[in-house]
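> Given next are the chains, with one letter for each unit.
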Amino acid sequence: MDGQLLVQQLVNGLFLGSIYALLALGYTMVYGIIKLINFAHGEIYMIGGFLGYFFINHLKLGFFPALILAMAGAAIVGVLIELLAYRPLRKSTRIAALITAIGVSFLLQNSMIYFFGPDKRSFPQAIKHVSYNFGFIQVSNIQLLILATAVILMIVLQLIIKKTKMGKAMRAVSVDADAAQLMGINVNRTISFTFALGSALAAAAGILIGLYYNSIDPMMGVVPGLKSFVAAVLGGIGIIPGAALGGFVIGLLETFTIAIGFSEYKDALVYALLIVILLIRPAGILGKNLKEKV
Amino acid sequence: MKKNLKYNALWLLFAVVIYGLIYLLYFTGVITPFTEYTLIMIGINIILALGLNLIIGFAGQFSLGHAGFMAIGAYSASILSIKFPTMGGFFLGILVGMVIAGIIALVVGLPTLRLKGDYLAIATLGISEIIRIVIINMGTLTNGPAGLFGIPPMVNWPLIFGFVAVVSLVIINYIRSGAGRATQAIREDEIAAESMGVNTTKYKVIAFIIGAVTASVAGALYASYIQTITPKDFGFMKSIDILIIVVFGGIGSVSGTFVAAIVLGILNMLLQDAGALRMIIYALALIVIMIYKPGGLLGTWEFSMKGFVTRVNKKEETADVSTKREKSN
Numbered sequence: 001m002d003g004q005l006l007v008q009q010l011v012n013g014l015f016l017g018s019i020y021a022l023l024a025l026g027y028t029m030v031y032g033i034i035k036l037i038n039f040a041h042g043e044i045y046m047i048g049g050f051l052g053y054f055f056i057n058h059l060k061l062g063f064f065p066a067l068i069l070a071m072a073g074a075a076i077v078g079v080l081i082e083l084l085a086y087r088p089l090r091k092s093t094r095i096a097a098l099i100t101a102i103g104v105s106f107l108l109q110n111s112m113i114y115f116f117g118p119d120k121r122s123f124p125q126a127i128k129h130v131s132y133n134f135g136f137i138q139v140s141n142i143q144l145l146i147l148a149t150a151v152i153l154m155i156v157l158q159l160i161i162k163k164t165k166m167g168k169a170m171r172a173v174s175v176d177a178d179a180a181q182l183m184g185i186n187v188n189r190t191i192s193f194t195f196a197l198g199s200a201l202a203a204a205a206g207i208l209i210g211l212y213y214n215s216i217d218p219m220m221g222v223v224p225g226l227k228s229f230v231a232a233v234l235g236g237i238g239i240i241p242g243a244a245l246g247g248f249v250i251g252l253l254e255t256f257t258i259a260i261g262f263s264e265y266k267d268a269l270v271y272a273l274l275i276v277i278l279l280i281r282p283a284g285i286l287g288k289n290l291k292e293k294v
Numbered sequence: 295m296k297k298n299l300k301y302n303a304l305w306l307l308f309a310v311v312i313y314g315l316i317y318l319l320y321f322t323g324v325i326t327p328f329t330e331y332t333l334i335m336i337g338i339n340i341i342l343a344l345g346l347n348l349i350i351g352f353a354g355q356f357s358l359g360h361a362g363f364m365a366i367g368a369y370s371a372s373i374l375s376i377k378f379p380t381m382g383g384f385f386l387g388i389l390v391g392m393v394i395a396g397i398i399a400l401v402v403g404l405p406t407l408r409l410k411g412d413y414l415a416i417a418t419l420g421i422s423e424i425i426r427i428v429i430i431n432m433g434t435l436t437n438g439p440a441g442l443f444g445i446p447p448m449v450n451w452p453l454i455f456g457f458v459a460v461v462s463l464v465i466i467n468y469i470r471s472g473a474g475r476a477t478q479a480i481r482e483d484e485i486a487a488e489s490m491g492v493n494t495t496k497y498k499v500i501a502f503i504i505g506a507v508t509a510s511v512a513g514a515l516y517a518s519y520i521q522t523i524t525p526k527d528f529g530f531m532k533s534i535d536i537l538i539i540v541v542f543g544g545i546g547s548v549s550g551t552f553v554a555a556i557v558l559g560i561l562n563m564l565l566q567d568a569g570a571l572r573m574i575i576y577a578l579a580l581i582v583i584m585i586y587k588p589g590g591l592l593g594t595w596e597f598s599m600k601g602f603v604t605r606v607n608k609k610e611e612t613a614d615v616s617t618k619r620e621k622s623n
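Protein chains in written order, with this note's numbering: chain A, 1 to 294; chain B, 295 to 623.
Please note that the accuracy of each hint is not assured.
[As the list claims (entries may be wrong)] To give an idea of the interface, some chain A residues facing chain B are shown, with a C-beta separation under 10 Å as derived from the structure:
1) Leu108
2) Val130
3) Pro282
No lab work stands behind these hints, which were simulated from the structure alone.
Computed from a predicted model, the values in this text were never measured in an experiment.
Ideal placement from N, C-alpha and C gives every residue a C-beta, glycine not left out.
Model the full structure from these sequences, guided by the hints.
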């Protein structure tokens with residue numbers, strides 16, 4: 001029984017982890033390129049959830065069109081945030097940029113509360129819930145959808161970064177922005193593109209979690225945002241495979257804590273892990289092996 | 295020392311005048327229980343923001359964990375004053391809170407203050423959340439997520455006034471002491487300070503501890519005034535509230551902290567019906583200030599009694615001279 005529960009929780013952790021991984025990718029890309037902890041990233045995830053809600057509930061779209069439209073919408077929001085709030089601060093201190101990021105996060109939360117109310121709303125069931133039994137493990141189609149979407153998006157991201165010209169520009173800017181500019185790369189456009197990519201991934205995570213937990217609210221981004229930042233640091237901030245790895249590790253750790261009966265401490269353990277990682281190995285798990293940063 | 299005596303006496307006079315003014319406002323009935331809340335919150339916020347400004351503005355370390363230390367003070371004062379509902383019990387609670395907050399700040403600060411800027415911010419945020427989660431899970435002692443209620447009200451405005459005065463004195467004198475100068479040197483350039491023989495870790499940790507201890511005191515006062523506390527009151531948002539005061543006032547300005555705490559306190563009272571709209575305004579202000587004036591509204595400007603006195607004297611002198619001239623003419 002206990003072993004069965006443990007395996008089931010670890011499987012659940014895999015799905016949760018893929019959500020964290022999607023979010024962590026955005027943190028890691030933005031940090032890699034402009035050295036900023038984008039505190040507002042969790043809010044982009046929330047906005048993604050709300051956009052999905054709007055497209056499915058009011059425009060009566062199917063799940064996949066809604067997903068793609070919400071990703072596009074969130075990408076625009078991300079680019080606008082960068083343009084209006086972060087770009088003027090490109091040359092200022094890191095603390096000033098961080099306070100601005102906190103301000104943006106605060107602004108988005110409270111704007112959503114002001115315009116849409118602070119209450120939880122139930123996410124429309126765009127896909128019918130079906131459970132499959134694999135031996136003693138139970139998996140729902142939504143969980144499989146989460147995992148599949150996350151993995152496909154990660155592969156697409158990897159292709160964009162490795163194979164396209166824009167991806168090459170992103171890698172160049174993250175290594176040395178000035179040198180990249182001298183080589184004729186439009187640094188501002190590259191940074192905007194990075195924000196668009198990261199925000200689109202966050203929005204996908206927001207919709208998937210809405211579908212999974214069946215509820216969204218304006219404050220839903222705070223805790224997952226922090227946790228996926230921890231995931232990004234854990235994997236090695238600035239390293240894309242590291243963020244994915246970190247996300248899965250955090251997801252598994254969280255469900256494992258629940259499985260062994262310490263569910264009250266699941267958040268505390270994640271923060272403690274962050275502090276330990278920062279002290280022992282600030283570069284993260286993959287920090288040394290891969291020098292490439294995006 | 296003697297040279298400063300005049301100015302210190304003037305500051306004392308200033309404090310007495312403010313005290314008298316508040317007393318008068320109470321006496322004439324301008325301050326109702328409703329406005330008293332604003333007054334007391336301004337006092338508590340001044341204490342909180344002074345401590346955070348010491349860490350952010352003077353030591354240059356970015357901490358997002360102030361609310362955690364506030365929670366320690368609030369809970370220890372509440373638990374002890376519920377057990378011993380006397381002034382003595384309350385003060386014992388404050389003292390215990392200060393000691394616990396100081397020890398935690400020391401234990402946590404020593405390793406984490408090695409981290410730079412944004413990493414430190416996240417680490418302190420994590421610590422504050424851990425403190426909160428531990429408090430939630432301490433069973434009957436802290437009554438879990440429901441929090442404590444029926445905390446004996448020991449706080450009145452003269453007590454808050456006294457605490458604000460003492461905390462400001464301690465922090466201002468610390469900033470101006472040799473240790474304070476060393477702390478500011480770290481803010482300006484850590485490597486340069488270290489090469490001049492400043493023990494950077496030591497002064498960073500001391501600033502962090504002073505900030506934590508004052509936050510704990512403020513938490514105790516808050517708990518005793520409000521009489522009910524829940525772990526939710528000391529979340530990330532509380533740390534941001536304090537950060538907003540520090541940023542508005544000026545990162546590295548004690549006078550600015552006072553001005554910001556008072557102005558924001560009054561604004562909060564006037565805008566309290568606006569709810570989320572108020573937070574939208576604050577968030578926008580935070581972003582705009584960072585873009586156009588990254589040092590905060592008042593920067594590192596300080597109100598100086600000495601400067602004020604010399605300026606007044608100069609004006610009198612010029613006035614004297616002009617009257618003499620008129621006479622001679």
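> Which of the numbered hints are not met once you compare them with the structure shown?
Number 2 - this is the single hint that the structure violates.
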